[in-house]
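Colleague: These are the residues of each chain, in order.
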Amino acid sequence: MAEIPEDLLRRSAEARAKALGVPVEDVLAEFKGEGPPVEISQPDPEPEPVQEAAPEGSDSEETPEVEATPAEDVAEAIPAEAEIPEESPAAMVAASPGETSSAGAESEPAAAAVATEAPEAPAPPGSNGSSNGSGNGKVASVVSPRPSVPPAGLPEGVRTQRLLTVVKARAIQNVKAEPSDKVNTWPHLMLMEFGALLAITGLLVVMSVIIHSPLLEPANFNATPNPSKAPWYFLGLQELLSYFDPQIAGVMVPLFIGMIGFMMIPYIDKNPSTRPSDRKFAIMLYSVFLAGSATLTIIGVLFRGRGFNWAYPWRDGVFFDDLKDWVNFE
Amino acid sequence: MANGNGRVGLRERIKEGTDKLWNSQLADSIMRPGSPFKQGYSDSPRNRSYVVMNNVLYHLHPVKVKRHGVKLSYTLCLGGLSFFLFILLTITGIFLMFYYTPTAELAYSDMEALSTNVAFGSLVRNMHRWGAHLMVLSVFLHMSRVFYHGAYKPPREFNWVVGVVLLFLTLFLSFSGYLLPWDQLALWAVTVGSNMAGFSPVIGDQVKFALLAGVEVTGATLLRFYVLHVLAFPFIIVIFMAVHFWRVRKDGGISGPL
Ligand code: HEM
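Going down the list, the protein sequences come from chains A and B. Read left to right, the first sequence gives residues 1129 to 1458 (the working numbering). Read left to right, the second sequence gives residues 3 to 260 (the working numbering).
Bound-form chain B, shown alone:
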């Protein structure tokens, strides 16, 4: 709108600029054809499909799902909650990594500083810790849900096997993180845990040695658990989760109805 001076108003120019950007090759290339962001969303079956198809994350889902699978009472969303908790743990864990040194000298003082000197440090640490406990719980409950539905029966046998691996990876993730605060609780819980491992006949001592990087818990153990906890186990569990989700779809979506 010209403002009387014959000049073009600022608002006008901004609109022109954004329009230009919106229609540029760049914007065009970012959004896939049919993207609701580009063409606007009005509720139609076609647009409902496009919402799912045009987003890499949503695309984990098929465009349509069985009606009964959407009911909260069927899955209780437990598998999904396990996954969400894993995401929350990843985010809070990255935050914690900025303030933590995995050495016997610094680990404990870093934990103290985290709860006193770092903005939201205490909250994030609590979220990470309780989130981990909740995840163990929700994975276990998810497994129980699957069992009670008989959802491991053909063709889903293999996804159950993948699930068992996920359960154990979750336990290992939690256990390896338990040592990191390097306080009495951490030290002795891990000592008890690895002693139980050491009691096994024949291979017990070897297992314990590999686990602890020595015959007892030391700084080397701390480093070992740290690397396992922040890198190795998350890496492996993500791969197994990918297979797990993929198989849920390929095995014909959610099981049931009962």
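Extracted from the complex, chain A is given alone in its bound form:
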């Protein structure tokens, strides 16, 4: 159970006490689990029209996403047309005290009590369903403005809003409270990605101009080349298998075990820390795996000659047809 701030609880209790016509203290006691359930002494007075809170995520993609922005950005980020029509009885979101509006906007829970509005009007930052924010287990309250203009000359201290309920926040997404030091995807991330795309395309083109793909003689079932090697990414495996009786350790077994084993890593490694200093053993294991597979692959590629016997590339030549036409100076 999330900690509900005292003042929210009190406001809620006041509202309920008013509605039920009982003393506030009774309701408060009930809320805190110290008192008996409060009897309803009179039927609920005419209920306020309250718009249903939109279920989180159902139409969050409909409204343009405006990611929660640090406070100084908020004003910018809310498009002007987002202003809620004054007479619309839209539910409004109020974050719990201590949460600034930007923090409330970040949080999933806030979305649980999100305002529904005209479909096209971009929602205030709070309604962004796909933001991944902090605030798991925080409390959001739903407040309804009175539907009509408050009568003139309200006595001092009378609020024109009232607290309907305190809802416990529950996220449907797997979010964790994280400090969010964020930057805009455009341009920061997208320029990087564009650079990466250009770089890899350039590298590939240059490589393809320089290195020629092999095309040996036509396939011939009667002429087994010596040695016969698997593609390089299976060569480590082929190398490994050459140490064992193939009847015992077929390729399917290591592949299958490798695949299932790798999939189980997150469920085996229960250590919650991601700090390298806390996971020396895991890092060591993986590094052994990396170094081992690299070594086996290099041996398979460079150090295996006729009959898959040991060969030194500088003495016996390289038996690796994939790079047969290393350089193409046409």
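Treat each hint with caution, since some may be false.
[What the hints assert, rightly or not] Here are the simulated DMTMM-like cross-link-like pairs (lysine to aspartate or glutamate), alpha carbons at most 25 Å apart as the crow flies: (1) B:Lys-252 <-> A:Asp-1397; (2) B:Lys-155 <-> A:Asp-1309; (3) B:Lys-73 <-> A:Glu-1321; (4) A:Lys-1296 <-> A:Glu-1158; (5) B:Lys-155 <-> A:Asp-1406; (6) A:Lys-1408 <-> B:Glu-159; (7) A:Lys-1452 <-> B:Asp-112.
Think of the hints as simulated: they come from the structure by calculation, not from any bench.
Chain A is fixed; fit chain B with the ligand onto it per the hints.
Modeller: For chain B with the ligand alone, coordinates are given in the frame of chain A:
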């Protein structure tokens, strides 16, 4: 601008026409409200959001990302590079499909003709081949990056599982393509690979038979590998990639900082 004859100049008319088109219902309906193309772009947080929101591809991204995730040194862009390489492979692969027949009689001569008779044929073939090797490498390195960051820890466990499937799909894609040139290298590399599969106890022979569509590599194997390579595996890997990217976002974006 009237040109003295009282007629409307050509430039004037073109401008009028484009303006009309630009403001037409058609143009209006193509661009979503707020599109920077429509309303012009000036640098503001709001427009930065609109750039991402108004494009189906960019929309794979959230509007904002963690600052440390943008640093090159964090992901080395390896997942992204795997994806880019996949796109490049798709494009070059479609090109190659126009010139390739998956039969034992024609496959090899098609490959020869491709490198001699087709404009850019050789270059595109090289790009496809080296791109495939690079993709295997970059997926593997991406996996290592994820491991060293401990980025598979909750809540990202399942995305790691999806990733392992992606790794194996990448290997299968590469392996099934290896046979297609139908030269000695292709034939015997695949023979060795499937023989290794055949060595498995109990199910070995069945696995090998299903893989090769027979007891040894034949024209039927070629067709089988071709369909797997150009259709089945790409189809499956795209689905898994979609889940993978979606989970990256839903699991709270990029992991870290360390
Ligand atoms: C076709 C292959 C793959 C593609 C296209 C791909 C793509 C991506 C991309 C674009 C990201 C975003 C972050 C980054 O770039 O590092 C990512 C994250 C991730 N990938 Fe992959 N990936 C692939 C294979 C794998 C494999 C083989 C694994 C692990 C076995 C894996 C596990 C993960 C995990 C756990 C994350 C979240 C990392 C984080 O939050 O720091 N992926 N992937």
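Colleague: Take a quick look at whether Lys-155 (chain B) and Asp-1309 (chain A) sit within 25 Å of each other, Cα to Cα.
Modeller: Distance ~21 Å between Lys-155 (chain B) and Asp-1309 (chain A) Cα, so the pair holds.
Colleague: Could you grab the alpha-carbon distance between Lys-1452 (chain A) and Asp-112 (chain B) and see if it respects the 25 Å cut-off?
Modeller: Satisfied, since the Cα-Cα distance of roughly 20 Å is no more than 25 Å.
Colleague: Mind checking the alpha carbons of Lys-1296 (chain A) and Glu-1158 (chain A) for me, to see if they're no more than 25 Å apart?
Modeller: 17 Å, holds
Colleague: Does Glu-1321 (chain A) lie within 25 Å of Lys-73 (chain B) when you go C-alpha to C-alpha?
Modeller: Answer holds: Lys-73 (chain B) to Glu-1321 (chain A) is near 11 Å, not above 25 Å.
Colleague: Given the hinted pair Lys-155 (chain B) and Asp-1406 (chain A), is their Cα-Cα distance within 25 Å?
Modeller: Distance of about 13 Å is within 25 Å: holds.
Colleague: Is Lys-1408 (chain A) within 25 Å of Glu-159 (chain B), Cα to Cα?
Modeller: 20 Å, holds
Colleague: Tell me if the straight-line CA distance from Lys-252 (chain B) to Asp-1397 (chain A) falls inside 25 Å.
Modeller: With Cα atoms ~22 Å apart, Lys-252 (chain B) and Asp-1397 (chain A) stay inside 25 Å; holds.
Of the numbered hints listed earlier, not one is contradicted by the structure.
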